[in-house]
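Engineer: Single-letter residue listing:
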Amino acid sequence: MRLLVAKYRHVFNVGLQNSIVYRWNFALRAVFSLVHLAFVFILWGAAFRGEDTIGGFSLDQTLTYFVTLLVLQFFIGAFNEDYQISEEIRNGLINQFLLKPINYFAYRFTLFLSARLISGLLALVPVVLCLPLLQEHLTFPDEAWRLYLGIPAAFMAALIQFSIAYVFGLLTFWFLEIQSFVILSLAIETVLGGQIFPLDLLPATIFRISQFLPYYYQMYFPAAIFTGRLDQATAMEGLAIQAIWVVLLLAFGQFLWRRGLRRHTAVGG
Amino acid sequence: MLHYFRLWLASARYSVIRSMMFRGDFIMWSLVELFWMAVNIAAIAVIYEHTDAVAGWSKYEMILLVGTTMLIQRMLMGFFWSNLFELGRNIRTGNFDFFLAQPGNLLFIVSTRKLDLDGLINVFVALAVVLYAVKQLGIEPSFLQVATYASFVFCGLAISYAMLLLFASISFWAIGSQGLEGTYFTFMEFARLPREAFRGVANVIFVWVLPAVVLSNAPARALIDGFDPVYALWLGGATVAWLGLSVTVFRRGLRRYSSASS
Chain A
1 MRLLVAKYRH VFNVGLQNSI VYRWNFALRA VFSLVHLAFV FILWGAAFRG
51 EDTIGGFSLD QTLTYFVTLL VLQFFIGAFN EDYQISEEIR NGLINQFLLK
101 PINYFAYRFT LFLSARLISG LLALVPVVLC LPLLQEHLTF PDEAWRLYLG
151 IPAAFMAALI QFSIAYVFGL LTFWFLEIQS FVILSLAIET VLGGQIFPLD
201 LLPATIFRIS QFLPYYYQMY FPAAIFTGRL DQATAMEGLA IQAIWVVLLL
251 AFGQFLWRRG LRRHTAVGG
Chain B
1 MLHYFRLWLA SARYSVIRSM MFRGDFIMWS LVELFWMAVN IAAIAVIYEH
51 TDAVAGWSKY EMILLVGTTM LIQRMLMGFF WSNLFELGRN IRTGNFDFFL
101 AQPGNLLFIV STRKLDLDGL INVFVALAVV LYAVKQLGIE PSFLQVATYA
151 SFVFCGLAIS YAMLLLFASI SFWAIGSQGL EGTYFTFMEF ARLPREAFRG
201 VANVIFVWVL PAVVLSNAPA RALIDGFDPV YALWLGGATV AWLGLSVTVF
251 RRGLRRYSSA SS
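Chains A and B are the protein sequences, given in the same order.
The opening position of the first sequence corresponds to residue 1 in this note's numbering, with each subsequent residue numbered one higher.
The opening position of the second sequence corresponds to residue 1 in this note's numbering, with each subsequent residue numbered one higher.
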């Protein structure tokens with residue numbers, strides 16, 4: 001057990017160093033996302049002119065939701081894990097994992113965690129710098145349960161994000177190019193994950209349906225808990241459905257990995 | 001002139017044949033773009049479920065605005081995106097030598113070598129969105145309005161091309177500047193917003209300094225209110241200025257280019 005921890009701790013450290021090399025990429029992305037935040041503020045600011053609340057929430061509550069989403073995205077969002085996995089399969093780099101006592105999923109997930117730690121912290125820099133401007137709009141509820149339920153929800157959201165990226169990466173066993181799948185799924189994710197508008201603004205039936213899809217749990221759900229967009233009972237129900245999705249996606253990833261390896265031919269040495 | 005048109009036709013023919021060779025890809029990418037457009041429309045539909053106007057624009061005026069932005073962007077994707085995206089990459093790798101060795105206007109060859117059929121197919125979808133919005137608004141545009149709209153959209157395309165060329169040309173100086181082309185899309189997000197929504201600093205940056213807002217608002221207003229000389233001068237001036245700037249930067253960069261040895 002200790003050996004196991006030591007092994008993946010080493011992977012984690014390597015991942016940290018790797019991510020630090022790409023710190024400028026992450027920082028640039030964080031700055032771009034601030035430009036996007038400006039877009040969000042202008043759009044919703046205009047939509048709220050003449051309305052006190054939209055969907056039962058004030059302008060500040062809505063803006064807080066989007067700021068939370070931005071920070072969460074850098075801490076739990078999958079960025080290019082799907083492409084990296086795809087690349088490793090295409091180039092035959094996964095062959096080494098077939099020979100060594102290391103689990104490819106665990107290895108990749110550890111790298112994902114270390115990268116998110118770095119990108120999350122880097123994303124906080126521009127947000128903190130803009131805090132004097134943002135502060136007057138930020139309004140968080142102060143119930144303690146939001147923290148207790150929100151953190152596990154955020155962790156499971158990270159697992160869902162990563163598992164989906166992992167599954168797309170593994171599609172490389174069957175398809176030469178996965179980019180179009182990824183971007184198509186990104187479009188669905190962007191809407192049903194709540195990045196364009198808070199999902200509770202959807203018509204009631206569609207909102208209810210979205211609660212049974214994995215996209216709801218990969219971003220909107222933890223953000224909604226933290227920013228007071230749902231009550232405790234709904235959050236508990238959500239955690240249960242989220243856990244089911246985590247298990248399903250993990251199992252599906254494992255299934256694809258087994259099936260994929262059967263098709264995989266390692267060449268050269 | 002005719003010579004260049006023939007060159008362009010040859011490139012177009014080549015691109016069509018290529019797309020037909022990778023039919024699966026073509027269908028998939030067309031779907032991807034279609035989906036992204038649907039996402040933008042869905043966003044408007046949801047916001048207008050809860051409010052009647054955004055910065056004084058009604059729902060269908062807003063769809064007209066977003067449709068116009070899509071129209072410009074799809075044309076940019078169809079005609080220029082791949083070419084200019086590869087320009088940056090070729091400068092970094094040294095493959096740019098290949099273009100330098102070709103006879104004819106360099107900028108023309110660099111910009112028109114490939115067409116993306118999936119982008120072009122979606123131009124029709126964007127056009128359908130615009131027509132739908134016009135119909136819902138009950139506008140019966142005059143010939144002058146349609147001509148103004150078309151020429152404004154053309155200016156918008158030229159400005160977009162200029163911005164993209166400018167970002168790609170940065171590669172001449174900063175070899176490691178990968179992905180800068182994406183900056184265009186970051187700023188183009190603001191084209192989906194009504195000009196009246198901008199206030200304070202945002203108004204200065206996105207409406208006056210960067211042409212992001214005027215390039216979509218001007219054509220949309222031309223269909224809604226008719227010809228406006230202020231917009232015509234503004235957009236025309238911005239087009240000339242941005243094209244001038246980007247071509248100058250490209251030429252300057254070219255002088256710096258020293259190929260890459262292997």
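What the hints contain is simulated information worked out from the structure, not anything from laboratory work.
Check the hints yourself; a few may be wrong.
Said to hold, decoys possible - Okay, the calculated bits of chain B under chain A, using three or more residues with CB under 8 Å as the criterion:
#1 43 to 54
#2 76 to 87
Said to hold, decoys possible - Sample of chain A residues at the chain B side, in silico, Cβ under 7 Å:
#3 Phe32
#4 Phe57
#5 Ser180
#6 Phe197
#7 Asp200
Ideal Cβ positions, reconstructed from N, Cα and C, are used throughout, including at glycine.
Engineer: With a cut-off of 7 Å on the beta carbons, see whether A:Asp200 makes it to chain B.
Structural biologist: violated (10 Å)
Engineer: Can A:Phe32 be said to touch chain B, with a Cβ gap under 7 Å?
Structural biologist: With a minimum Cβ separation of about 5 Å from chain B (threshold 7 Å), the hint on A:Phe32 holds.
Engineer: Checking C-beta pairs, does the stretch 43 to 54 of chain B have three or more residues closer than 8 Å to chain A?
Structural biologist: holds (count 8)
Engineer: Hold the hint about A:Ser180 up to the distance rule: shortest CB distance to chain B must be less than 7 Å.
Structural biologist: holds (4 Å)
Engineer: Does the CB of A:Phe197 sit less than 7 Å away from some CB of chain B?
Structural biologist: Nearest chain B Cβ about 5 Å off; hint holds.
Engineer: Can we keep the A:Phe57 interface hint, with Cβ of chain B closer than 7 Å?
Structural biologist: violated (10 Å)
Engineer: Three residues or more, CB to CB closer than 8 Å: is that satisfied between the stretch 76 to 87 of chain B and chain A?
Structural biologist: violated (count 0)
The structure does not agree with the numbered hints 2, 4, 7 stated previously, though it agrees with the rest.
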